[in-house]
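Working from the sequences, and respecting the hints, build out all of it.
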Amino acid sequence: MLFLKFLNKMDQEQENNKDAPNKVRKSVPYTPWTGGPHNLGDPDDKSLRKVEKDILIPKKVRERAKNEKCVDEVKENQKMWNCYEKWYHDQELIDRCTQEYLNERTIYRRTGIGAKFQKEQGLS
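So that you can map any letter, position 60 of the sequence shown is 60 in this note's numbering, and since no number is skipped, the others follow by simple counting.
A portion of the hints provided could be inaccurate.
[Unchecked claim] Cross-link-like lysine-lysine pairs, in silico, DSSO-like; alpha carbons within 30 Å at most:
(1) K116 / K46
(2) K86 / K60
(3) K50 / K116
(4) K59 / K116
(5) K86 / K119
(6) K60 / K75
(7) K119 / K60
[Claimed, not checked] Ranges between beta-carbon positions, derived for each pair:
(8) D44 / G114: 14 to 22 Å
(9) T34 / W81: 34 to 42 Å
(10) H89 / E120: 16 to 24 Å
Derived from the structure by calculation, the hints contain no laboratory data.
Heads up, the beta-carbon is just placed ideally off N, CA and C, and yes, glycines get one too.
In C-alpha coordinates form, the structure reads like this:
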(Lines of atoms letter the chains of each structure in order from A; the text may use other names.)
(Lines give C-alpha, C1' and ligand atoms only; values in the text may rest on other atoms or scores of the structure.)
Protein backbone atom coordinates (compact mmCIF):
# COMPACT_ATOMS: atom_id res chain seq x y z
CA MET A 1 0.00 0.00 0.00
CA LEU A 2 2.85 2.34 0.87
CA PHE A 3 4.51 1.52 -2.44
CA LEU A 4 1.34 2.47 -4.32
CA LYS A 5 1.25 5.82 -2.51
CA PHE A 6 4.87 6.34 -3.53
CA LEU A 7 4.03 5.60 -7.16
CA ASN A 8 1.03 7.95 -7.08
CA LYS A 9 3.29 10.69 -5.72
CA MET A 10 5.79 10.00 -8.54
CA ASP A 11 2.99 10.21 -11.12
CA GLN A 12 1.89 13.57 -9.74
CA GLU A 13 5.47 14.85 -9.84
CA GLN A 14 5.80 13.61 -13.41
CA GLU A 15 2.67 15.48 -14.49
CA ASN A 16 3.98 18.63 -12.82
CA ASN A 17 7.31 18.26 -14.67
CA LYS A 18 6.08 17.59 -18.20
CA ASP A 19 9.04 19.51 -19.59
CA ALA A 20 11.40 16.69 -18.47
CA PRO A 21 10.97 14.10 -21.28
CA ASN A 22 13.81 11.83 -20.11
CA LYS A 23 12.03 10.74 -16.94
CA VAL A 24 10.80 7.16 -16.97
CA ARG A 25 7.24 6.56 -15.83
CA LYS A 26 7.09 3.90 -13.15
CA SER A 27 4.00 1.82 -12.64
CA VAL A 28 2.97 -1.40 -10.96
CA PRO A 29 2.27 -4.24 -13.39
CA TYR A 30 -0.95 -6.17 -12.90
CA THR A 31 -0.58 -9.32 -10.88
CA PRO A 32 -3.26 -11.60 -9.48
CA TRP A 33 -1.98 -10.75 -5.98
CA THR A 34 -3.20 -7.17 -6.19
CA GLY A 35 -6.76 -5.96 -6.33
CA GLY A 36 -9.71 -7.32 -4.43
CA PRO A 37 -11.65 -5.47 -1.75
CA HIS A 38 -8.59 -4.86 0.46
CA ASN A 39 -5.92 -4.86 -2.29
CA LEU A 40 -4.73 -8.25 -1.03
CA GLY A 41 -5.55 -10.18 -4.19
CA ASP A 42 -8.62 -11.69 -5.81
CA PRO A 43 -10.52 -13.65 -3.13
CA ASP A 44 -11.85 -16.12 -5.71
CA ASP A 45 -8.44 -16.92 -7.22
CA LYS A 46 -7.62 -20.57 -6.46
CA SER A 47 -4.17 -20.68 -8.06
CA LEU A 48 -1.18 -21.22 -5.79
CA ARG A 49 2.10 -19.35 -5.86
CA LYS A 50 5.30 -21.40 -5.71
CA VAL A 51 5.96 -20.46 -2.07
CA GLU A 52 2.43 -21.48 -1.11
CA LYS A 53 2.72 -24.83 -2.88
CA ASP A 54 6.26 -25.67 -1.74
CA ILE A 55 6.31 -24.20 1.78
CA LEU A 56 2.93 -23.24 3.23
CA ILE A 57 0.92 -26.32 2.21
CA PRO A 58 3.60 -28.80 3.44
CA LYS A 59 3.73 -26.84 6.71
CA LYS A 60 -0.03 -27.29 7.10
CA VAL A 61 0.31 -31.01 6.35
CA ARG A 62 3.07 -31.36 8.99
CA GLU A 63 0.99 -29.53 11.60
CA ARG A 64 -2.09 -31.62 10.86
CA ALA A 65 -0.06 -34.86 10.96
CA LYS A 66 1.51 -33.86 14.28
CA ASN A 67 -1.69 -32.69 15.97
CA GLU A 68 -4.25 -35.13 14.55
CA LYS A 69 -2.74 -38.15 12.84
CA CYS A 70 0.40 -39.03 14.84
CA VAL A 71 -0.49 -38.04 18.40
CA ASP A 72 0.53 -41.37 19.99
CA GLU A 73 3.65 -41.77 17.86
CA VAL A 74 5.08 -38.39 18.89
CA LYS A 75 6.20 -40.01 22.16
CA GLU A 76 8.67 -42.25 20.31
CA ASN A 77 10.83 -40.37 17.85
CA GLN A 78 11.30 -43.03 15.12
CA LYS A 79 7.64 -44.00 15.10
CA MET A 80 6.78 -40.32 14.90
CA TRP A 81 8.93 -39.77 11.80
CA ASN A 82 7.52 -42.90 10.15
CA CYS A 83 4.00 -41.66 10.81
CA TYR A 84 4.85 -38.18 9.50
CA GLU A 85 6.32 -39.68 6.34
CA LYS A 86 3.19 -41.76 5.76
CA TRP A 87 0.87 -38.75 6.08
CA TYR A 88 3.22 -36.35 4.33
CA HIS A 89 2.81 -38.35 1.11
CA ASP A 90 -0.94 -38.94 1.52
CA GLN A 91 -2.53 -37.10 -1.42
CA GLU A 92 -5.94 -36.86 0.25
CA LEU A 93 -4.47 -35.02 3.27
CA ILE A 94 -2.45 -32.75 0.98
CA ASP A 95 -5.60 -31.91 -0.99
CA ARG A 96 -7.58 -31.17 2.21
CA CYS A 97 -4.80 -28.92 3.54
CA THR A 98 -4.57 -27.14 0.18
CA GLN A 99 -8.32 -26.54 0.17
CA GLU A 100 -8.22 -25.33 3.78
CA TYR A 101 -5.38 -22.94 2.94
CA LEU A 102 -7.22 -21.60 -0.12
CA ASN A 103 -10.35 -21.00 1.99
CA GLU A 104 -8.31 -19.13 4.63
CA ARG A 105 -6.63 -17.07 1.91
CA THR A 106 -10.01 -16.27 0.32
CA ILE A 107 -11.35 -15.00 3.65
CA TYR A 108 -8.13 -13.02 4.21
CA ARG A 109 -8.39 -11.39 0.79
CA ARG A 110 -12.08 -10.55 1.33
CA THR A 111 -11.82 -9.24 4.88
CA GLY A 112 -8.16 -8.44 5.53
CA ILE A 113 -8.28 -10.67 8.63
CA GLY A 114 -5.37 -13.14 8.98
CA ALA A 115 -5.77 -16.89 9.55
CA LYS A 116 -4.95 -16.68 13.26
CA PHE A 117 -7.69 -14.12 13.87
CA GLN A 118 -10.10 -15.96 11.55
CA LYS A 119 -9.99 -18.95 13.91
CA GLU A 120 -10.44 -16.73 16.96
CA GLN A 121 -13.48 -15.07 15.39
CA GLY A 122 -14.86 -18.34 13.99
CA LEU A 123 -14.67 -17.28 10.32
CA SER A 124 -12.89 -20.39 9.04
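Tested hints:
With a CA separation close to 20 Å, the supplied pair K116 and K46 stays within the 30 Å bound. For the proposed pair K86 and K60, the alpha carbon gap of about 15 Å is at most 30 Å, so the pair holds. Among the hinted pairs, K50 with K116 is consistent with the structure: their alpha-carbon atoms are about 22 Å apart, no more than 30 Å. Restraint check for K59 and K116: the C-alpha separation of about 15 Å stays at or below 30 Å, so the hint holds.
Restraint check for K86 and K119: satisfied, since their Cα atoms lie roughly 28 Å apart, inside the 30 Å limit. A hinted pair counts as satisfied when its Cα atoms are at most 30 Å apart, and K60 with K75 qualifies at roughly 21 Å. Pair hint K119 plus K60 holds up; C-alpha atoms about 15 Å apart against a cutoff of 30 Å. Between D44 and G114 the CB atoms are about 19 Å apart, so this pair conforms to the stated range of 14 to 22 Å.
In this structure the supplied range 34 to 42 Å holds for T34 paired with W81, their Cβ-Cβ distance being about 41 Å. In this structure the supplied range 16 to 24 Å is violated for H89 paired with E120, their Cβ-Cβ distance being about 32 Å.
Hint compliance for this structure: hint 10 is the single one not met.
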